[in-house]
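Q: Heads up: the sequence lines are chains R and H, in that order. For the first sequence, this note's numbering assigns the number 1 to the initial residue and increments by one for each residue that follows. For the second sequence, this note's numbering assigns the number 1001 to the initial residue and increments by one for each residue that follows.
Rather than coming from a laboratory, the hints here were simulated on the basis of the structure. Careful: at least some of the hints might be erroneous.
Sample of chain H residues facing chain R (criterion: CB under 7 Å; computed from the structure) [to be verified]:
1. A1024
2. E1046
3. P1051
4. V1067
5. S1071
6. P1073
Listed below are the simulated DSS-like cross-link pairs for lysine-lysine, each with C-alpha atoms no more than 25 Å apart in a straight line [what the hints assert, rightly or not]:
7. H/K1057 with R/K32
8. R/K485 with R/K361
9. H/K1025 with H/K1057
10. R/K425 with R/K415
11. H/K1012 with R/K32
12. H/K1012 with H/K1039
Only a predicted model underlies this, so the values are computations on that prediction, with no experimental measurement involved. No residue lacks a Cβ here, since even glycine has one placed at the ideal position from N, Cα and C.
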Amino acid sequence: MNKTIIININGIVFHIEEDAYEVLKNYMTDVKRHFMNSADSLEITTDIENRIAEMFNELLARDGKQVIIEQDVNAVIGQMGTVADFERSEQDTEPSFADTYYNTGATRRLFRDPDNRLVSGVCSGIANYFDINPVWIRLAFALIVFAGGAGIILYIILWIVIPKAVTRADRMAMRGEKQNLEGFRRNFEQEMAGMKQNLSNFHNEARPFAYKARDFAGDFGDHLGNFVKGAARYFLKFIGVAILLTCVGFMVFTIVGFVALLSVGRFEPFHNLPYTLLQHHHANLIFTAAFLMAFIPLLCIVLLVFKGIFNVGSINRSTGTTALVIWLCAIGVFVYYSIGIAAEYRTSASYSETITLKPAKDNTYYLTLNDLKYFTAEDSARLNIKALAPNMKITDDEDNDFDHYHQRVGLTIEKSDVATPVLIKQYHARGRYYDDALTNSRNIKYIFTQQDSLLKFDERFYAKNDDLWHDEELFLTLKLPLHAKVVVDHNVDRICGIGIYDCNELNKLDHNKVTNATFVMTEGGLECKVDTLVTDTIIRKHLPVDSSKIRVK
Amino acid sequence: MIVENTQTQMRKGVLEYCILSIIAKGEIYASDIIAELKKAQLLVVEGTLYPLLTRLKNNGLLSYNWVESTSGPPRKYYVLSDEGRKVLEQLDKTWHELAFAVQTSIGERKVKDGSER
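Produce the complete structure using the sequences and hints provided.
A: Pasting the structure below:
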């Protein structure tokens, strides 16, 4: 009793005993290996396989059996001939009259020679290739090195590009030795038999160096190509990893931003953004849409790049379609609300209000910020402000600045044409229609108080319906009469850019101790009042001799 | 070595000439070619014929037709192409010249029959 195996030779099924199968398999492997280097290897082996199948069929029919045994296989191999037979007959037939002559002799390959090296074996490798003494190549390299140093770069390039001869086969190829016995024998036979052809190709043989140089260039090109290919692959991988990390970074960013927006209602890096422009009951929907809009493509890029680099994981069709649909929906929602919101800012309206101030007695005005927090009537009722003791006050907290950044006011100080000081408030807001815009601008509330010569400004204005932002703006213009002295507290700097610190600097005042600066209204506008005593000492310090003679106005 | 070499040279040209001659007689299957060559004691194993036929075909001297077979896969039946026919005519001529040359060279010398092969 024997085990049989079912085999398929070019579409025909045979039952074959295990032993016989082993013999047949080994034979076919030998045959395939033998014809491997031939251009027609597939056709030849297919012909042989077909013929074997046919012979099996004939044998089975002749003996009236169903299974092929080892004896049959041996008979078929005997008829077909072993690889040794092929080799023997190929000596007879190889250089056919129909074939054009081509050199199948041992060709040398360019490798670095690790056995005979000074630095990395580049020189001896090249010497091996041209079959000359490595000394000459080394000498040539030494000369190029001294003639400008280009040799070093060339050497390093060759070092990188030319592979080291690692295996025995590499070394044999490097020295131009054929790598097997039959190859050697064939080569020898050919040399003898191909004498006539060689004669006709005499002019080719007469230029061996030109050919060697060409082959050398070809070999070098091969190595360079492999090197560039390898380098490009690494470079692509590097870029892929960079993209991957960037995308993952952005994904984390979007997730953090999304969570922050949902829970806190604002996201720190974008504190300038007036999140109150969104209607509160839509805000979360818009945030979600924006999040999905950014997150889904990032996720897809990450998955695709991951697939590209590491060849693991991918998006299947249904997941991809779902993601696409969700993404398109998110875009739809986002665009719809964006347009809706943008429409709220279509028209703008502004109006100005002029308040006449009481002139101060000595024409000196003190400007400061009002640190009291403003409450609407409802808020003060809700928070029970009136229950506070009269000596208590609620101050505005500077930490809330971020929330009200877009409610900052701007203050400019100009010369008044008349003798009385005047404060002009210019309100501005936007809305869907002009009516809305005007209503919105009139809803701006700003608190300014004058206590004799003390002018108290609020840092920000308030919108009456505080839930939505309508691009409200408030510009204050304080017009003061000529020669008015203005003492500005340093915190006014937050709404007015008149250079309070610069002025203090000019007067050599330490702004940590002195909290205000003094200005004077001149014909050309507000100017820093310079203390003559101080400047006097500065000039004296800088002019060592005869400084007493200099008079300072 | 020199003997083998000369034998190789002689057999090489003759083998292809014989194959072309056999195919010239009409459409023929590879194993039938082998049978003829065996009879002529030129080639003994079948496997060596396939690379030869493939090369002759690739050189345009032969072409083949697929013919369905009752006992296995379809068979390749080889025929001579027009170019093959021309080459064969030239080879015929050469062969006659060679035969004449050899005959003249041998002359009266007694040649042993090489039938031990």
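Q: Are the hints correct? Go through all of them and say.
A: A quick look at each hint next to the structure:
1. A1024: The hint is violated - H/A1024 has no Cβ within 7 Å of chain R, the shortest such distance being about 16 Å.
2. E1046: Check passed: Cβ of H/E1046 comes within 5 Å of chain R, closer than 7 Å.
3. P1051: holds, 5 Å
4. V1067: violated, 12 Å
5. S1071: Holds: closest Cβ of chain R sits about 4 Å from H/S1071, inside 7 Å.
6. P1073: holds, 5 Å
7. H/K1057 with R/K32: With Cα atoms ~20 Å apart, H/K1057 and R/K32 stay inside 25 Å; holds.
8. R/K485 with R/K361: OK: R/K485 and R/K361 at ~11 Å, within 25 Å.
9. H/K1025 with H/K1057: Judged against 25 Å, a Cα distance of about 17 Å means the pair holds.
10. R/K425 with R/K415: Status holds; Cα separation ~16 Å.
11. H/K1012 with R/K32: At roughly 24 Å apart (the allowed maximum being 25 Å), R/K32 and H/K1012 satisfy the hint.
12. H/K1012 with H/K1039: It holds: about 17 Å lies between the C-alpha atoms, which stays within 25 Å.
Violation of the numbered hints given earlier is confined to hints 1 and 4; the remaining hints are satisfied by the structure.
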